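Got chain A; can you put chain B on it based on the hints?
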Amino acid sequence: MNRWRFVTQSLRHHWRTNLAVSLGVAVATAVLIGALLVGDSVRGSLRDLALSRLGRTQAVVLSERYFRDEAVGQLVANFAEQGISLEAQPLMFMQGTVQTQSTDPAARIRLAGNVAILGIEAGFWDWDETLAEKPRQLEADELILNQPLANELGVEVGDMVSLRLPGGNDVPPDSPLGRKTDRVQGLPRMTVAEIVPAEGLGRFGLHPTQQLPYNAFVSRARLQTALGQSERTNAIFISWDDSDVKSPLSPAEISAAMPLTLEDFGFSLTRVEREFSSDEDPESEKIFDWWQLSSSRMMIGDAAAQLVREQLGDQARPVFTYLATSIGKGQPPADSAYTDDEIPYSTVTALGFPLSPYPLLNVEGNPIENLADDQVVLNQWTADRLEAAVGDAVYLTYFNPESTHGVASESSAAFTVAAITPLTTPDEPYQRRQGATYTTRPTTANDPDLTPTVEGITDQASINDWDPPFPYDANRVDSEDETYWDNFRTTPKVFLSLETARKLWGSRFGSVTSFRFAASDFPDEATLRSELEMAFNSHKSSLGVQVLAVRQDALRAAAGTTPFNVLFLGFSFFIIAAALLLVALLFRLGIEQRAKEIGTLMATGLNSRAISGMLTLEGAMVTAIGMIVGCLLGVGYAWLMLAGLRTWWLDAVVTPFLQLHAVPGITHLVALLVFAGIALGTIVWSIRGLGSVPVRSLLGGIVVRASTSYAKHQARWARLVAALLLAVAFALAAIATQLGGEAQAGAFLGSGAAVLSAVMLYLWYRFRNQLLTVRPERFSISQLAISNAMRNPGRSTLTIGLMAAACFLVIAIGSFRLTPSEQGAGGRDLMAESSQPIYHDLSTPQGRYDAGFTDDEETLLTNTEIEPLRVQPGDDASCLNLYQSNSPRVLGVTPRMIEAYSEANRVSFDWAASAAQTPEERSNPWLVLEKEAEGKEIPIPVVIDKNTAMYALHLYGGVGEQFETLDDDGRTTQYVVAGLISNSIFQGNLLVSEENFLKRFPDVNGYRMFLIRSPEGQSEEVAATLENRLADQGFDTTQTEQYLESLLAVQNTYISTFQSLGGLGLLLGTFGLAAVQLRNALERRGELALLQAAGFSRGRVGRLVLQETVILLLGGLATGIFAAAVTVVPHMIFGDATVPFETLGVTLLLILIAGLLSSFWAVRSTTQGAILPALRGD
Amino acid sequence: MAQLDVANLCKEYPTRGEPLKVLREVSCTLTSGQNMAILGPSGCGKSTLLYCIGTLETPTTGTITLDGKNPFELPETELAKFRNQHVGFIFQDHHLLPQLTILENVLVPTLAHGSSSSAQVDRAKMLIDRVGLGDRIQHRSSELSGGERQRVAVARSLILGPALLLADEPTGNLDRTNALAVGNLLLELQQQEQTMLIVVTHSTELAEMFQSRFGLDDGRLQPM
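As given, the protein sequences belong to chains A and B, one line each in that order.
With my numbering, the residue at position 495 of the first sequence is 495, and numbering never jumps.
Position in the second sequence (first residue = 1) + 10000 = my numbering.
Hints listed in this document are in silico derivations from the structure and should not be mistaken for laboratory results.
Predicted model, so just to flag it, every value in this text is computed and none were measured.
We treat Cβ as the ideally placed atom computed from N, Cα and C, and that holds for glycine.
Everything hinted at is true.
One side of the interface only, derived from the structure: several residues of chain B facing chain A at Cβ under 8 Å:
1. GLU10076
2. LEU10097
3. GLU10104
Facing chain A, according to a computed beta carbon distance under 10 Å, are these residues of chain B, among others:
4. LEU10056
5. ALA10080
6. PHE10091
7. VAL10108
8. ALA10112
Just chain A, same shape as in the assembly (with noise of 0.2 Å):
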């Protein structure tokens, strides 16, 4: 005989309790494991998504033009060179459009937008590792979708459909010389192979997310043949084997290894040059020879300017070329007319005077100088036209640089003419396919290359045949206008410095038409073209190719944007602790239930601590067998929570992706670790105090203490304690409101915590000292039952804190459930997107024109408000998508938008907070963005949603906070939160100025989002017109109530996931209540058999031990609401939280019922015995 032999004896003997004790601990320890396997399994499964739907795929390069296809041989030979297998594979990447086609014109026409259209070869399958049976080759009119595409056009394999893809030149279309139409190439009649399920590269995208995305695949051959881009492509897949690698290769060292010409990044090179022999002298003379740099952009943009000007530094010499829709004499008209004597549609060019070798001249022949800002130079024809002389005024009107919303305006300039440059008139002049001949010696005037090409007019042999980007009235061209172009084409009427220009006509597209260099400083084009690429190359980002590591960053982003572990085991701790409060119920009632067996054990002579330890190693190994049941049911409980994300609460995460990850880590161990000695700590805390507990009380059967003394001070300290936590409370509540993420549920819960611990020991305090008691005047059955439900207060305490757990879970997590309002979207019943950018001003009767609409479709758009966004994409960083994201979308909003909101009466959104500072921007809070700001030194105001600030960003400074992006084009951002709104539809979104969005993204043309106001219940008439009219341009129109309810899901499916938890812990206070109520009853068997032979009805004394547990249990539900209502008040004061009062009614009315019934239970089960054993004490 030993003490181990009596602890496993006991251990068997109580086995009904210690089996109760042991599933408390598992349910607790179940809880804990799944919440863990939760987060783990989330992380895996975005983990597994990532990786699979990027098929072997670890790194992608993608340009905003198309290069030579021998650049992807390049890239694998160079790597070879260094030992380094890589595979790469290039495809055509973009977005677009994709309809369904049919013969029956009565068919309805369905499209999906926002398409990622791949081009592809055969091998790309190759890649897909998951893929049973890999597609098969396409032909040319063919193209596979993946299912969620085609479940959302209906179509199924042999179907037709069309494909829309972005065309048009590179010519930036908010430039005024950029195509606003014609930008889509379609690709109709297509037939639908093969439809791939939405796994592996079936799922491919760029941008992590678990949602399911549109997917369509082309043969690449004929995207190429489409679009015009024979033997070129636009991305390369790449692929490598880590065991070749000491690390993963970073983007610099691909971009290292992949040399890009001129031509692939857009760029020309050309000699321009004009040579002069004559009879007289019939040796050729130079009259200039350079190389000329030019871009299809039509303009060079500031980032590669700048690589040329590092690069080359004096010997590139900038020529900045501009329209000029008139050029007068005199001042310029005040009404902005067009007058007759002005000369209509002219190229004006600035140079850096002087342009040596080969300098413009005057009419003595002498080179001209320096030109002041307000000088400019007239060639001859343009100062015989205008009858204009060196000193006179001369004016131009142009189109200001950057339209908005597709509309060109126009300003003036006036000049003095400083100098008139020759121009010789060509004997021959210029004929399609031939240049102009001259006898007479030509000037360096003579030059129309300086001019960029521009489609539509330079390509043209006549300005009749001219069809211009720009606004354009052919009757303001006369014959003589027509005989320049015949002679010089293009060739600039007027010269200015550079400096002038680029104040005039600067943008964010550029100030540098082309760059020209002497010859005679470049012999070899070799030469020239190997220092530029050599400067491109190194910049490639900047120049638009950007090569992404796609697989690491996803294996980032799979970190996930909410900490699932943390959020389950915060929403589980009060599970966790319901169940830690039964086990120290259970066990409780187990030693009081033995309190003979320990009187015994102490009369022999063991003392307190030796008796303490047996029952310590009792409880130790019931927590044991508890904590390994547990683990698997964690297992079981994380699955079960995974199947439940899959199906009931898969708004939560969109889409059913979710698989259980059970790998065992040092995570678990440690917490396995916490919890064993917390609930170890639990068993010793129930066991406390046996040791004074007097032997004789525990022969008799009694555990508890008895009282020595009746003062009422008795436990003062509890009191104190108890005012204390509730301070706590309050001000961990007060606290919340104004925190975000997981402080914020961390004070949240916290607060209410102590409200709950801080009742409870007032109630234990109360109990304890019969502060209840009863008046002996007004003795009836209820105050019996009031004495009974406190004889025991530990036990009592116990009881109402666990109910008061669970209740508290379900009310204040149940207030944070919620509905769409008008304000979320800012008073507008419909959003949009689109697939390729619009450049009209669809809120205007001329832009609606201008985007093909009819007068029909203008009868009903006339008061629709249609506000355009700017959109940089990016990551989706809405609750929608759990992957942490790297650079959210960035929207920019319009000063029509902002000023919008300035109008009285208007419905705007919920200001969560703002760096509002006037009253003007108090009264409208988007006037916050309007400061001038570039992302660099001087951070862009940002609105933000007040979730996506908290949970994707980690936000928690509020306004004022600073943050930065790392960006697609790999330069980083700098921000500042200038102001949050709450529950909005701009969730996930970074919406900054227009004008801050064009200074740091000034490659972005055109309007890609779309807020709609349409007149009173013409929403569904509205949206139908506007997306079929620009179908196109895959005009998707959703309603905001629609979209909003889609994310507030989100927040309310986790409301019920946490709800459901809650029930949980309302089960476990079922469980402790009926347990207690049995326990009670069992010992009270005496006292109620003496009740009855006293003459009690059997219903007479149920009814009085069910009233004890109706004080119990109204006592859990009134410490559940009460700590509620401390926690969730003041964010329904301050924040987003409402109470649902019905359905929370209906909850604690289910709760009540459900405690009443298993306290019937255990009613019935005691006072249904005989009566004679229970008086005899049998």
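This is chain B only, laid out in the frame that chain A set:
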């Protein structure tokens, strides 16, 4: 030879009003081999006196010494050790542990030292044999009758050879035949073991079997 001295023992319990005086100036002496019975009506303080002597209750005033040692001066751990080594208890309710066998129940006091020695196991078997349950050694208490359970309790009280044996209504739950049998067994074993024995009882028939008898009246011990 062991000796028990009880001098001027008083015991009070706090109540909402005046403290309840249960024992007043109780004094008595007992030496090895002597036994005494204490009689009195319910609530007169018999058991309280017994528990005070057995160190399970602390006297309000007065002293109790066993072999000149006052156990109440000992710290809690030492007090338990003292009780374990010097005092054996028998209660009205046998308080056998249902999870243990008879042998294990008898050995329970030895657990105070961690585990039983083989000598203690032999002694337990001997005592069980002496109380007439030698063939039931592996039975559990639930398999015994009331008288048998109480006999096991007697054996348990003697396992460590205490100097003082205290019995609180040891036959209170038994029928007359069993009561007499247990009483005889107690006295027989007391004589064999040469312990001091104090019994509190309602039963005059049982009290008659003891060398000396006292009554407790208003908290005072009176010879009968």
